[in-house]
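**Student:** The lines below spell out each chain.
Protein chains: 2
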Amino acid sequence: MHVMIIGAAGMIGRKLVDKLAAEPDALAYEIAKLTLVDVIEPPVPAALSAISTLALDLSSEGSAERLVSSRPDVIYHLAAIVSGEAEADFDKGYSVNLDGTRALFEAIRREGQRERYAPRLIFASSIAVFGQPFPEKIGDEFFATPLTSYGTQKAICELLLADYSRRGFFDGIGIRLPTICIRPGKPNKAASGFFSNILREPLAGQEAILPVDENVRHWFASPRSAVGFFIHAARMDTGRIGPRRNLTMPGLSALVGEEVEALKRIAGPKAVGLIRREPDPVIGAIVAGWPTNFDARRARELGFTAESSFDEIIRIHIEDELGGKI
Amino acid sequence: MHVMIIGAAGMIGRKLVDKLAAEPDALAYEIAKLTLVDVIEPPVPAALSAISTLALDLSSEGSAERLVSSRPDVIYHLAAIVSGEAEADFDKGYSVNLDGTRALFEAIRREGQRERYAPRLIFASSIAVFGQPFPEKIGDEFFATPLTSYGTQKAICELLLADYSRRGFFDGIGIRLPTICIRPGKPNKAASGFFSNILREPLAGQEAILPVDENVRHWFASPRSAVGFFIHAARMDTGRIGPRRNLTMPGLSALVGEEVEALKRIAGPKAVGLIRREPDPVIGAIVAGWPTNFDARRARELGFTAESSFDEIIRIHIEDELGGKI
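Protein chains in written order, with the UniProt record's numbering: chain A, 1 to 326; chain B, 1 to 326.
For reference, chain A alone in the conformation it holds in the complex (with noise of 0.2 Å):
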């Protein structure tokens, strides 16, 4: 089996590529080629061989088709450009994250049309699909009617895909993802880093600033919970999706109120102590705005599973990435 993933130097990516780098049978055939794709060249674990990397911008002429020419049984589509950054400029956002979407669906569509073929497509949405006002637990058939340009790509893409499949031309699963806490490295400056930077840091010794209340509500998965979809969505049996591909995943709803306590039960009141409260009402604004809950029916009877408490979440990151301790 071939496997392909676009966006392989990002965050998920990379964990993606570790877990097939640790489990060669996690898609349960045999990995025969694995060739990863990403705007800049994507690290390689020592772990894997048959493998290739490619840095190559899918929205350029001609990308597009030339991935597609290796015929990969299964291709991760995870490449984007971020919420903020489709926001800030309007073509390179929709160059990108549509144009190049579609320019991927297309080459597959063509190469099909020579020979028979239709890979798995597995591609990364978001719940930036979804736009205010909310019910308090968004649903399975709740509309698509996102406030950012970035939602607004994503939903076509969700669109395409769903066409694409029922039409046959590939075999597509849209992955809504939750936001993904806690997310390993630095401090970032994405409004919604802080549900990930006043876990992270504590437990590594450091600050962290808090700029909403404690009362404010989020939905959240782990990392290994999103390569966890990503693997899932390539092994399972597409007969029992049906026409609606687009899947939002499951999840843990909770307060920050709740994060806090659960990394006081895991690493104490000192570690608690380190958050410093900083009250931003900017960031307060743009958090406001955001799902706080779904009921995510569809993907966890297709079996798609996730975190149930923040105590998980943290004991994940421990594992994952502090090598078992703090």
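For the chain B half of the interface with chain A, some residues (derived, Cβ under 8 Å), not all of them: (1) Gly131; (2) Glu141; (3) Phe142; (4) Thr145; (5) Leu147; (6) Ser149; (7) Thr152; (8) Ala155; (9) Ile156; (10) Leu159; (11) Ala162; (12) Asp163; (13) Arg166; (14) Pro243; (15) Arg244.
Derived from the structure by calculation, the hints contain no laboratory data.
Note that the structure is predicted; figures quoted are calculated from it, not measured.
We treat Cβ as the ideally placed atom computed from N, Cα and C, and that holds for glycine.
Starting from the known structure of chain A, arrange chain B on it as the hints suggest.
**Tutor:** Chain B alone, transformed into the frame defined by chain A:
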């Protein structure tokens, strides 16, 4: 005010032009200029002056820029490849229905970059954005999971319309039309044709074929209502809509049997005797996949109105198409 109608030679386009000719103040402001555009030269009612016509394909290079350079204040975009053709010819459907529309939206945005410009943009969408299974009544927050490429293209254009409106590039409204009944003209081969045929033909003393059971339910509005939707969309205060710019129009949910009953009341049992029952399982299966009922609350609250009985729909046909008598 300069009004442009793209798709002016179609059934709704022609009726909209006729309405503006008969009531020049229908849009509240004086129409100083009216531009009619279609792939074929659109017909012009004698009553209209200050009118120009253009035969032009919106999806061909430079067409959108050419249209927009005259800076219309109101743009109606009614042009589309119909459902059956968009399903049969994948490339043509996407080229006209998606790329043509996006080219128009982009031309408006770029015109606005040169000099401040944000016209009212009214887009004809469709209930084909919805796909089975449905709730008994489809509410305003039900998700779009089209089961045709046509419906996919309409749903994508709705998303673009909302994003371009949110950004202030234009002031857009998407109008999801019910099935228009009674369609004037000759019987056609559209799967939905019989809904009109079984009334229009008997009213004119002709036989018509009914290929489905009388207990088939569907969602209707008259051509007069459709024109009314488009007039109201140009006049209304869009400040009341908010960012959810695509509206399911009100309509009448009725059984085929109710059509027949209304025909009997208005034209007598002899007219009903002209309906020949010839069950066609192919048409029956297609129709079974269509939405049957909506709760179009938002559009009603925003002032859009439609018929509440088939008696009304038939009387409108008699007034508007048959000179008031049968």
